[in-house]
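There are 2 protein chains.
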Amino acid sequence: MVSTTKWNVPTISERKRVTLHDVAEHVGVSKSTVSLVLQNSDSVSAATREKVLRGIDETGYVYNRKAAALRQTMPSDLIGIMVNGLNTPYSSEILNYCEKEALQRGIVPMFSSNAEQFSQQEKLVQIYMEYKVGGIILCPAPYTTASWLDKIWRSGFPLVQIMREVPFSQFPAVVADNRKGVYVATQHLIQLGHQKIAFLGGREDISDYHERLSGYKDAMNEAGLRVPSNYIFPIAQSRQAGRLALKSVLEYDASISAVVCFSDLMAYGVLSISRELGIKVGSDLAVVAFDDLPDSSITHPALTTVQVEASQFAAQAIDLLQVYMNKPQAKPERLLVPTRLMVRESCGANAFNH
Amino acid sequence: MVSTTKWNVPTISERKRVTLHDVAEHVGVSKSTVSLVLQNSDSVSAATREKVLRGIDETGYVYNRKAAALRQTMPSDLIGIMVNGLNTPYSSEILNYCEKEALQRGIVPMFSSNAEQFSQQEKLVQIYMEYKVGGIILCPAPYTTASWLDKIWRSGFPLVQIMREVPFSQFPAVVADNRKGVYVATQHLIQLGHQKIAFLGGREDISDYHERLSGYKDAMNEAGLRVPSNYIFPIAQSRQAGRLALKSVLEYDASISAVVCFSDLMAYGVLSISRELGIKVGSDLAVVAFDDLPDSSITHPALTTVQVEASQFAAQAIDLLQVYMNKPQAKPERLLVPTRLMVRESCGANAFNH
DNA sequence: TTAAATAATTGGAACGTTCCAAATAAATCC
DNA sequence: GGATTTATTTGGAACGTTCCAATTATTTAA
Chain W
3 MVSTTKWNVP TISERKRVTL HDVAEHVGVS KSTVSLVLQN SDSVSAATRE KVLRGIDETG
63 YVYNRKAAAL RQTMPSDLIG IMVNGLNTPY SSEILNYCEK EALQRGIVPM FSSNAEQFSQ
123 QEKLVQIYME YKVGGIILCP APYTTASWLD KIWRSGFPLV QIMREVPFSQ FPAVVADNRK
183 GVYVATQHLI QLGHQKIAFL GGREDISDYH ERLSGYKDAM NEAGLRVPSN YIFPIAQSRQ
243 AGRLALKSVL EYDASISAVV CFSDLMAYGV LSISRELGIK VGSDLAVVAF DDLPDSSITH
303 PALTTVQVEA SQFAAQAIDL LQVYMNKPQA KPERLLVPTR LMVRESCGAN AFNH
Chain S
3 MVSTTKWNVP TISERKRVTL HDVAEHVGVS KSTVSLVLQN SDSVSAATRE KVLRGIDETG
63 YVYNRKAAAL RQTMPSDLIG IMVNGLNTPY SSEILNYCEK EALQRGIVPM FSSNAEQFSQ
123 QEKLVQIYME YKVGGIILCP APYTTASWLD KIWRSGFPLV QIMREVPFSQ FPAVVADNRK
183 GVYVATQHLI QLGHQKIAFL GGREDISDYH ERLSGYKDAM NEAGLRVPSN YIFPIAQSRQ
243 AGRLALKSVL EYDASISAVV CFSDLMAYGV LSISRELGIK VGSDLAVVAF DDLPDSSITH
303 PALTTVQVEA SQFAAQAIDL LQVYMNKPQA KPERLLVPTR LMVRESCGAN AFNH
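In order, the protein sequences belong to chains W and S. When we follow the numbering used here, the leftmost residue of the first sequence carries the number 3, and every step to the right adds one. When we follow the numbering used here, the leftmost residue of the second sequence carries the number 3, and every step to the right adds one.
These aren't lab readings, by the way, just hints derived from the structure by calculation. This structure is a prediction, so every number in the text was calculated from the model and none was measured. Hints are supplied without guarantee of correctness; some may be wrong.
What the hints assert, rightly or not - Here are the computed lysine to aspartate or glutamate pairs in the EDC-like style, where the Cα-Cα straight-line distance is at most 20 Å:
hint, chain 1, residue 1, chain 2, residue 2
1, W, K219, W, D255
2, W, K102, S, E124
3, S, K134, W, D59
4, W, K134, S, D59
5, W, K153, S, E60
6, S, K102, W, E124
Let the hints inform the model, and build the full structure from the sequences given.
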């Protein structure tokens with residue numbers, strides 16, 4: 003819709019910014035009164051409020067939060083939410099629900115990511131603190147240390163970890179019940195008769211890997227099944243990594259009949275490479291995963307996966323953060339988000355046509 | 003990794019915040035000097051700089067940007083980036099690259115979404131302005147009016163539209179070459195021999211819909227092909243919508259042999275419902291789409307789609323924004339991001355095994 | 001050695017708001 | 001109608017920084 007008319011550039015001449023004082027003068031009232039109106043105090047008469055409001059509109063005044071915050075003792079209603087990647091599908095879900103939950107509570111979320119780099123996380127958290135936001139929800143990058151967290155926590159700055167946690171750090175966290183989720187998924191495969199089951203993906207330097215892995219190991223051990231070390235293939239999760247991982251474990255042992263994927267993203271890669279190799283997922287190979295992304299119910303075959311509701315993550319994390327925002331000395335809590343196995347087609351439990 | 007040791011709650015006793023003045027006193031120097039060190043001015047001696055830096059560390063001082071910004075005339079190095087949804091796959095890509103490009107340029111991005119609601123957009127943009135961020139990159143929600151944009155632009159606040167633009171608004175924008183992209187994709191289907199081609203998805207209240215639709219119509223018209231109005235099925239894009247849309251157009255005319263999807267997300271739905279209906283995509287039905295999401299090269303069949311590089315979007319938008327941040331009176335520009343047809347399997351041009 | 005130039009440091013005003021205590025206006029009571 | 005209460009409005013100090021002009025310390029030039 004490219005218009006051909008001449009562009010009408012608004013002239014921005016003398017850009018003297020209009021302050022509360024200007025509004026007051028324009029209306030013929032004191033700046034204190036204008037301030038009162040802005041905070042809609044009920045100790046200002048309806049008539050003057052009306053006048054002032056009109057004056058604000060007429061002068062084109064915009065409130066200056068920085069100046070306000072400087073004086074105000076009240077904590078900011080702005081919070082930071084930092085995930086591990088802006089285009090990592092599960093993080094996108096978290097972002098989405100955090101926004102929803104935050105706005106519902108009247109607090110304004112400001113998102114960012116650490117891109118899995120501690121240095122970026124350190125820099126951005128510093129900036130959040132400099133801006134005196136009310137608190138931060140953080141999915142800690144690898145190599146985040148307990149002492150770093152301690153320094154922040156000790157300074158009275160509210161922070162809650164989400165999705166992961168720094169090992170041995172005892173700071174507030176909201177994490178999925180990773181062990182239980184994978185335990186149940188693995189058990190499901192075992193009940194379907196599988197014995198040679200591999201575990202694909204996950205970074206060894208992140209807490210969720212160890213939790214999920216232990217769920218897998220526990221289920222295998224309880225069933226008396228062997229877990230050769232080559233059955234475990236840790237790798238940063240991605241579609242490509244899923245392709246690589248499956249190929250690798252099958253090279254080691256072609257008779258592997260089932261795989262537990264660290265995430266749905268890994269599973270997508272597994273589905274893709276399986277097709278190329280002529281392996282029919284659901285009959286030749288059983289696949290279970292973790293996350294339950296929106297695409298997972300319409301993949302081919304539909305993915306059997308462990309669901310963790312992102313909305314619960316978000317709600318709990320924000321609630322918890324608010325506790326610390328109101329009471330910095332409150333005791334650190336660790337909340338567990340429950341998991342649920344969504345049985346679909348890729349595990350072979352349900353028939354479907356290839 | 004639930005430790006059983008007693009949690010060691012840091013005591014946050016008297017939380018008197020330490021200011022620049024405190025640091026100065028502690029070091030035995032004036033606050034001006036400390037300020038100078040903070041802005042690492044070169045007019046402070048190495049010795050005192052060292053002393054001050056140590057003092058900052060010892061006192062646990064954190065810089066207060068709000069106070070600084072109050073005095074400073076320089077615009078903030080913080081910018082707002084508002085997309086239409088935090089978990090919309092293509093938006094996620096945009097977010098990701100915007101972060102990368104922004105940080106590279108030393109500017110700090112603060113993300114949010116309007117969730118396709120003008121009211122939310124209005125509220126959040128207001129807050130951005132109140133925080134005096136340097137500028138904002140915006141994917142405008144439906145029903146965003148030119149006059150609203152005009153008010154912002156007129157106030158001297160730098161803003162550039164991304165991905166979409168408000169019709170008849172003549173404000174800075176960075177948009178994909180939507181018409182050309184879909185034109186080429188449709189032409190490709192026509193060259194493969196298709197005649198009955200439908201167009202699925204897109205919201206009529208958003209600019210990109212009309213641009214993409216016109217690319218389709220132009221290609222059809224040039225080839226002398228008829229476009230019954232029922233061949234066009236506008237709907238907000240989603241996987242579910244893709245399922246619905248295909249079913250609907252086939253109900254109207256079962257002999258339709260190809261579809262142009264508004265987005266990859268729509269196409270995912272089309273692939274899914276096709277499988278259920280026993281339609282083989284690539285032979286029975288040709289499918290082309292728009293976006294080229296990461297999943298699109300590993301779907302089954304792989305998706306033929308119009309690629310628009312998110313990294314280019316991001317880079318151009320940020321560059322453009324910086325122009326206005328440095329020179330608010332600069333002339334509004336409209337930049338076009340080129341498109342490229344990625345021919346894979348779903349269009350039937352390349353053989354593959356079902 | 002002294003004057004001039006340069007380097008380093010400093011106190012105080014300013015930024016735009018909120019808070020407080022005090023002043024004023026309006027309403028109520030006897 | 002005056003005294004009391006209550007509702008509304010107000011000026012000025014404060015928040016923590018940066019900027020500026022001015023001061024002091026150091027170096028260079030003659």
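Hints and how they fare:
Taking the CA atoms of W/K219 and W/D255, the gap is near 18 Å; set against the 20 Å cutoff, the hint holds. Of the pairs offered as hints, the one joining W/K102 and S/E124 holds, with about 16 Å between alpha carbons and a cut-off of 20 Å not exceeded. For a cut-off of 20 Å, the pair hint linking S/K134 to W/D59 stands: about 18 Å separates their Cα positions. Under the criterion of a C-alpha separation no larger than 20 Å, the hint pairing W/K134 with S/D59 is consistent with the structure, at around 18 Å.
For the suggested pair W/K153 and S/E60, the alpha carbons sit about 13 Å apart, so the restraint of at most 20 Å is met. For the suggested pair S/K102 and W/E124, the alpha carbons sit about 16 Å apart, so the restraint of at most 20 Å is met.
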